[in-house]
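These protein sequence lines map, in sequence, to chains A and B. Heads up: take any position in the first sequence, counting from 1, add 1, and you land on the numbering used here. Heads up: take any position in the second sequence, counting from 1, add 56, and you land on the numbering used here.
Worth double-checking, as some hints may not be accurate.
[Stated by the list, open to error] One-sided excerpt, in silico: chain B residues whose CB lies under 8 angstroms from chain A: (1) Asn62; (2) Val64; (3) Ile67; (4) Glu71; (5) Arg131; (6) Gln142; (7) Met147; (8) Thr268; (9) Val272.
[To be verified] Now the in silico label distances, taken between C-beta atoms and shown as ranges: (10) B:Lys188 with A:Ser8: 45 to 51 angstroms; (11) A:Lys94 with B:Gly93: 48 to 54 angstroms; (12) B:Arg131 with A:Phe167: 55 to 61 angstroms.
These are computed hints drawn from the structure, not numbers from a lab. Virtual Cβ for every residue (Gly too), placed ideally from N, Cα, C.
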Amino acid sequence: MGISIWSQILQYLVTGVSIGSIYGMVAIGFNIIYNATGIINFAQGEFVMLGGMIMVTLTAAFGAPVIVAFFLTVAIVALIGGLFERLAIYPLKNAGVLSLIIVTIGGSIVLKGVAMFVWGKESYALPHFSSEEPIPILGASILPQTLWILGAMLLTVVLLTLFFRFTLIGRAMRACSSNRTAAYLVGIDARQMVCLSFILSAAIGAVAGIIITPIALVDYNRGFLLALKGFSAAVLGGLGNSAGAVIAGFLIGILESLGAGLVSSGYKDAIALIVLLVILFVRPSGILGDKEALKHRSF
Amino acid sequence: MLRIANLVSCIGRVEILKGVSLHVQEKEIVTLIGGNGAGKSTLLNTIAGLIPARAGRIEFMDREISRLSPPRIVRQGIALVPEGRQIFSSMSVADNLLLGSYSTYSRSMKPEIEARLESVMELFPILRRRSKQLAGALSGGEQQMLAIARALMSDPKLILLDEPSMGLAPRIVEEIFQTIEELRRRSMTVLLIEQNARMALDLADRGYVVETGQIVMEGDCEDLKRNREIERAYLGKAYQEIWE
Numbered sequence: 002m003g004i005s006i007w008s009q010i011l012q013y014l015v016t017g018v019s020i021g022s023i024y025g026m027v028a029i030g031f032n033i034i035y036n037a038t039g040i041i042n043f044a045q046g047e048f049v050m051l052g053g054m055i056m057v058t059l060t061a062a063f064g065a066p067v068i069v070a071f072f073l074t075v076a077i078v079a080l081i082g083g084l085f086e087r088l089a090i091y092p093l094k095n096a097g098v099l100s101l102i103i104v105t106i107g108g109s110i111v112l113k114g115v116a117m118f119v120w121g122k123e124s125y126a127l128p129h130f131s132s133e134e135p136i137p138i139l140g141a142s143i144l145p146q147t148l149w150i151l152g153a154m155l156l157t158v159v160l161l162t163l164f165f166r167f168t169l170i171g172r173a174m175r176a177c178s179s180n181r182t183a184a185y186l187v188g189i190d191a192r193q194m195v196c197l198s199f200i201l202s203a204a205i206g207a208v209a210g211i212i213i214t215p216i217a218l219v220d221y222n223r224g225f226l227l228a229l230k231g232f233s234a235a236v237l238g239g240l241g242n243s244a245g246a247v248i249a250g251f252l253i254g255i256l257e258s259l260g261a262g263l264v265s266s267g268y269k270d271a272i273a274l275i276v277l278l279v280i281l282f283v284r285p286s287g288i289l290g291d292k293e294a295l296k297h298r299s300f
Numbered sequence: 057m058l059r060i061a062n063l064v065s066c067i068g069r070v071e072i073l074k075g076v077s078l079h080v081q082e083k084e085i086v087t088l089i090g091g092n093g094a095g096k097s098t099l100l101n102t103i104a105g106l107i108p109a110r111a112g113r114i115e116f117m118d119r120e121i122s123r124l125s126p127p128r129i130v131r132q133g134i135a136l137v138p139e140g141r142q143i144f145s146s147m148s149v150a151d152n153l154l155l156g157s158y159s160t161y162s163r164s165m166k167p168e169i170e171a172r173l174e175s176v177m178e179l180f181p182i183l184r185r186r187s188k189q190l191a192g193a194l195s196g197g198e199q200q201m202l203a204i205a206r207a208l209m210s211d212p213k214l215i216l217l218d219e220p221s222m223g224l225a226p227r228i229v230e231e232i233f234q235t236i237e238e239l240r241r242r243s244m245t246v247l248l249i250e251q252n253a254r255m256a257l258d259l260a261d262r263g264y265v266v267e268t269g270q271i272v273m274e275g276d277c278e279d280l281k282r283n284r285e286i287e288r289a290y291l292g293k294a295y296q297e298i299w300e
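Extracted from the complex, chain A is given alone in its bound form:
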């Protein structure tokens, strides 16, 4: 029985959008820290992995209800993010951007190692949040979990936008990325904002990890690829630009899923890297990035 090519493509699009949402969220995590500090936090993927792992542990081992476990997990990972900043970034008072980036790579290796020590090398699954019965649409089928993922991503973006636009702390964080000296002069403690940016990024990473685990499994090494693809999305969207991150996340997710379906699934992971390379060659400021701003960046 032949499924029409269109419904197949539609199916790939659906898959692409759901995985793309995750890439977008990881990219937003990169952006928040980038905007506050100018560094790329390579431990971002580990926050996602920890989100999945801790959620699995809380629900499976301790039998916590999903909603309680969700918020508890986000809180724990946010705390880990904040601690990571205080222990690894904060003490390096006058370190340059490059050294700090290397520190985050070290941090990522440590977090990965600890995770392997705690949870071993096997993969874990999480039950879907609601029914696992696919919803048929135009010949394709959508898992309810996909809707959860999309919803969580959109909600995160909306909440973040409100936070950065309308709260004093959110504005203070933007002020720090706009002009650090001036932020200092009006009384904003930039170092606290840096800590806050790690907490926020870790929390968003945790949310991404929790919602993806029901359809993608999680193991200690899961963070690396997610971080790589999220980073590609962040660069494609224009570093520091969260609207760009979401669009780019979808783009990479869809390209990946179409590539895997129509060409060969062997190339799936290569696609994000190819996109990253092409962007860096052709338009290093990304699709929504500011070309002017790029000139002033120091690395």
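Following the hints, complete the assembly by docking chain B onto the known chain A.
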């Protein structure tokens, strides 16, 4: 109000201030004049805490502040309007002003901050009209006004102005100086750095002359204006004119 004694401060390994002493009394406008690289900006940045003091004392309202960080110095009531304005250019004018009140912000302070915003907007009506625009889209003069307005939003007792006329058209400079005059009427204390020594000396009560990191002269502005050395070096009069 502000009392500085034997202040030494360095940028990198270069000693910029070599033992500066000065004082500013309440409701006074004091100006620092001196050439480029004399250390005027360094002095203001050191008072504001951006540059650590290596030696000496800075006392504000009888409290030693030379070891405090910039956010804590703002809370003491000193606001610096930095050289080159340093506004938050990617944010709206309204957000810039709100952030100016960051150091004093709390829920219970809201009405007072509203009132402060109102009085600042009265001082700079242009900012009210521009309040939704991005600060980076303002003209140079408007940005300078925004920078001063933002500093005023912290409800300072002492305001430090670093070259407010830099790069502005004469008409705008005139306007900025009128604003400083208005600050005097609102009984603000001002420490002003200015390239345009004549305007600064016309406006201020007292002045200090800074050369290579040291105070070489001080006095009432009227006296300073009549001083031959100052006329020659900073007021642009040729020797000939002076001796004739």
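How the hints compare with the structure:
1. Against a cut-off of 8 angstroms between C-beta atoms, the interface hint on asparagine 62 (chain B) is violated, since the closest Cβ of chain A lies about 25 angstroms away.
2. At its closest, the beta carbon of valine 64 (chain B) sits 21 angstroms from a beta carbon of chain A; the interface hint therefore is violated under the 8 angstroms criterion.
3. Because the beta carbon of isoleucine 67 (chain B) sits about 14 angstroms from the nearest beta carbon in chain A, more than 8 angstroms, this interface hint is broken.
4. Evaluation of the glutamate 71 (chain B) hint against chain A yields a violated restraint, the C-beta minimum of about 20 angstroms exceeding 8 angstroms.
5. Hint status for arginine 131 (chain B) relative to chain A: holds, with the closest Cβ pair at about 6 angstroms, below 8 angstroms.
6. At its closest, the beta carbon of glutamine 142 (chain B) sits 4 angstroms from a beta carbon of chain A; the interface hint therefore holds under the 8 angstroms criterion.
7. With its C-beta approaching chain A no nearer than about 6 angstroms, methionine 147 (chain B) sits inside the 8 angstroms limit, and its interface hint holds.
8. A cut of 8 angstroms between beta carbons decides the hint on threonine 268 (chain B): the least distance to chain A is about 25 angstroms, and the hint is violated.
9. For valine 272 (chain B), the suggested interface contact is broken, since its CB lies about 29 angstroms from the closest CB of chain A, more than 8 angstroms.
10. Roughly 47 angstroms separates the CB atoms of lysine 188 (chain B) and serine 8 (chain A), a value that falls within the hinted 45 to 51 angstroms.
11. About 28 angstroms separates the C-beta atoms of lysine 94 (chain A) and glycine 93 (chain B), a value inconsistent with the hinted range of 48 to 54 angstroms.
12. The supplied range of 55 to 61 angstroms is broken by arginine 131 (chain B) and phenylalanine 167 (chain A), whose beta-carbon atoms lie about 24 angstroms from each other.
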